[in-house]
Amino acid sequence: MADSTEQEIVGIIGNALKIDANSLTAESTSNDVEEWDSLGHLAILRDLDKFYGGKIAGIKEMAQVDSVGKILQLLKNNSLL
Amino acid sequence: MKVTIKSIEYYLPPTTEDGNVLKKENPDWSIEDIEKKTGVDVRYISAPEQTATDMAALAAEKILSSGLQKKEIEFLILITQSPDYALPTSACILQDRLGLDKSCMAFDVNLGCSGFIYGLAIAGALIDAGLVHNGLLLCSDTYSKYIDKTDRTCRPLFSDAASAALLSSSDHNDIGPFEMGTDGSGFNNLILPSSGTRVNDQQADEKNLFMNGSEIFMFTMDMVPKCVNALLDKSGTQMEDIDLFIFHQASKLVIDNIIRRLNLPEEKVYVNYNQIGNTVSASIPIALSQALQERRLKNNDQVMLVGFGVGYSWGSCLLRWSEQT
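Line by line, the protein sequences are chains A and B. My numbering puts the first residue of the first sequence at 84, with every later residue one more than the last. My numbering puts the first residue of the second sequence at 48, with every later residue one more than the last.
The hints are all genuine.
Computed footprint of chain B on chain A, listed as stretches where at least three residues anywhere in the stretch have a Cβ under 8 angstroms from a Cβ of chain B:
hint: 1; stretch: 121–131
hint: 2; stretch: 136–145
Dumping the calculated SDA-like pairs for lysine to any residue here, alpha-carbon to alpha-carbon at most 20 angstroms:
hint: 3; chain 1: B; residue 1: K299; chain 2: A; residue 2: N98
hint: 4; chain 1: B; residue 1: K84; chain 2: A; residue 2: I102
hint: 5; chain 1: A; residue 1: K143; chain 2: B; residue 2: S232
hint: 6; chain 1: A; residue 1: K101; chain 2: B; residue 2: K83
hint: 7; chain 1: A; residue 1: K143; chain 2: A; residue 2: N161
hint: 8; chain 1: B; residue 1: K273; chain 2: A; residue 2: Y135
hint: 9; chain 1: B; residue 1: K70; chain 2: A; residue 2: E117
hint: 10; chain 1: A; residue 1: K143; chain 2: B; residue 2: G231
hint: 11; chain 1: A; residue 1: K143; chain 2: B; residue 2: D269
hint: 12; chain 1: B; residue 1: K109; chain 2: B; residue 2: G146
hint: 13; chain 1: A; residue 1: K133; chain 2: B; residue 2: N310
hint: 14; chain 1: B; residue 1: K299; chain 2: A; residue 2: S121
hint: 15; chain 1: B; residue 1: K83; chain 2: A; residue 2: D130
hint: 16; chain 1: A; residue 1: K153; chain 2: A; residue 2: L163
hint: 17; chain 1: A; residue 1: K143; chain 2: B; residue 2: I238
hint: 18; chain 1: B; residue 1: K192; chain 2: B; residue 2: S241
hint: 19; chain 1: A; residue 1: K143; chain 2: B; residue 2: K273
hint: 20; chain 1: A; residue 1: K101; chain 2: B; residue 2: S77
hint: 21; chain 1: B; residue 1: K83; chain 2: A; residue 2: I102
hint: 22; chain 1: A; residue 1: K133; chain 2: B; residue 2: K83
hint: 23; chain 1: B; residue 1: K83; chain 2: A; residue 2: I95
hint: 24; chain 1: B; residue 1: K84; chain 2: A; residue 2: S121
Since the hints were derived computationally from the structure, they do not count as laboratory data. The C-beta atom is built at its ideal place from N, Cα and C for all residues, glycine as well.
So here's chain B without its partners, still in its complex pose (with noise of 0.2 angstroms):
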């Protein structure tokens, strides 16, 4: 796609949990084998009246303040499992809130850890298309909300966060190919069981994130080192050609079971997930912005993108980084 990623930016509310409030909260859990295993030592989470259209805003300002005219933003895609309402659409609050035109198209993406992928492979085929040329590409979401505090499987991995892309038409093709998959048979093995109108379910009590951690992990291990491995094929590139591999920053587990999986070397796998937690859709982008703050990656480097979970859904593609941007 002849489509470029311009700048991205983030926000992280300014509330911290490690371990030693969820030792207090759950004296209970052996929090060092918790962390062990989990790798997050920390995790951001919003405040009680901040919702995750709030935090996109704070993103999303970030990008607006470096001098870009709100007019040449021509869409506004949010990713997100959190909207503020059921309807009208977060997007279109959005819009409103950040003062962008009338003409820009405004809808939300209902998809969780491959939400980002996704987003660019709707946003790069409205560019391509020639429908757009510019727009914001935003990811937010606030899990905690719905996670139980006694919570052993989910709480000690879930983050709030929020994610900015700025994505333009190019004249080279930086983003893609793409490869993409579902599996529904999945749905409730992550799940926000009365979150909706199907009322008639077994789980339909149940208020709380719920999340078969074992169910999963092998969907984890078996899909992702396959979802990687058909990009490579599509795309014509041997494994030693990419340059930094960006997975979903699921859980330490996850991440190193993949490496063990695809037989990756450690230093081309970029980690956030100690210090960011797991940021549903976010993710991904939190760990480009980051790895690009850190020079993990240069002109014309070679970067794989892996998400997947909720869904289940997942998808990868490649991005050839460009300094120009």
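One chain only, chain A, in its complex shape (with noise of 0.2 angstroms):
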């Protein structure tokens, strides 16, 4: 796996949530962003889980994520980025 940048990973969720990943910051949130419901935040993890060969299911604070900041800080506190 290449090294994964911020950069990289809000592309990701931007992708994850068909929407300009321009248009996402740290601060943005699931109450921010339309797109991003239930069934958003699936497609984001599988996205995520994608990109990191199968890392993502083990990490279960994943499901509860609600930030693009709050993904970033569990990614590294678990040594993906």
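Put the two chains together into one complex, using the hints given.
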């Protein structure tokens, strides 16, 4: 897997939500982004797991993170970023 | 286990709902996006007065009408989470309604999407132990009655349906081994909160089905591949030896994710969620029945059945399909 950067992760989130990743910041939350509903969150989980070769499935907290910043922090906490 | 599935039938209620119905009732829903992710185009909805017991009886009668002597049915197991009453047991009501002999044992099993696998294990063990020779494994649920009309997480997924399988003793090992598991720490991620005797629950006022989709998705992503691989290890079977995989038809997102994580060839994975929806415990037997109708299974094919969901509960088993059945 290539080294991942925060920008790549934000790109993956934007792609999963089918929105322009440039509209997302670390402060963007599921409340602010209309497309980030329960099904949108599943798409984020799926695409991040795909990107990290199956390593997301073991990070249970990923189910409840509700902002871009929290996703990035959780990835860092798990040495994926 | 020297047990075989002699026949499988199913019942779907006549009323269906598609995206147009959902859109009309919930104009703010993005139906195309929902359908793209769930993969479900049509769902079946039981009539207000129709219960899981009613539907199970209709599925069972399809088997009983094939000339089988009712006195040959020595057990009736009903997998359901939508019983007519907290008590008495719905299976007891079905024994009488189906006209089965009073020597027939009958009991319910309260499990959801893993229920068919557990039912096979229980019924198979009863037969293997020589307690009985033939019986019915019924799966029936009416989750639609638990779901709020405005619930965008549950309503687009779940269907009502019933299945009936006739299980009999056999000369050869058609079913097994099994791999089962439980993780009750996830109990409140798919729950009908005010449905039992626990009243001091934070969710006690909630009358409808609650599903935390993200938590359930993470559970399936983590546990299902482990369950599949554990069964392969236990049975000394290679992935390539499996002719068809039948997973619980949870949703397109879940099934696609399992296919990706296990690197399975899509043509070896049977899906029907698009035209049936998620029918809880009946989903695997309905898929098995349709796979047979569509000739996706040949004599001596090896099938892996995998159920997972509410509980959390999961189970998988191997099934050697015999045409002679």
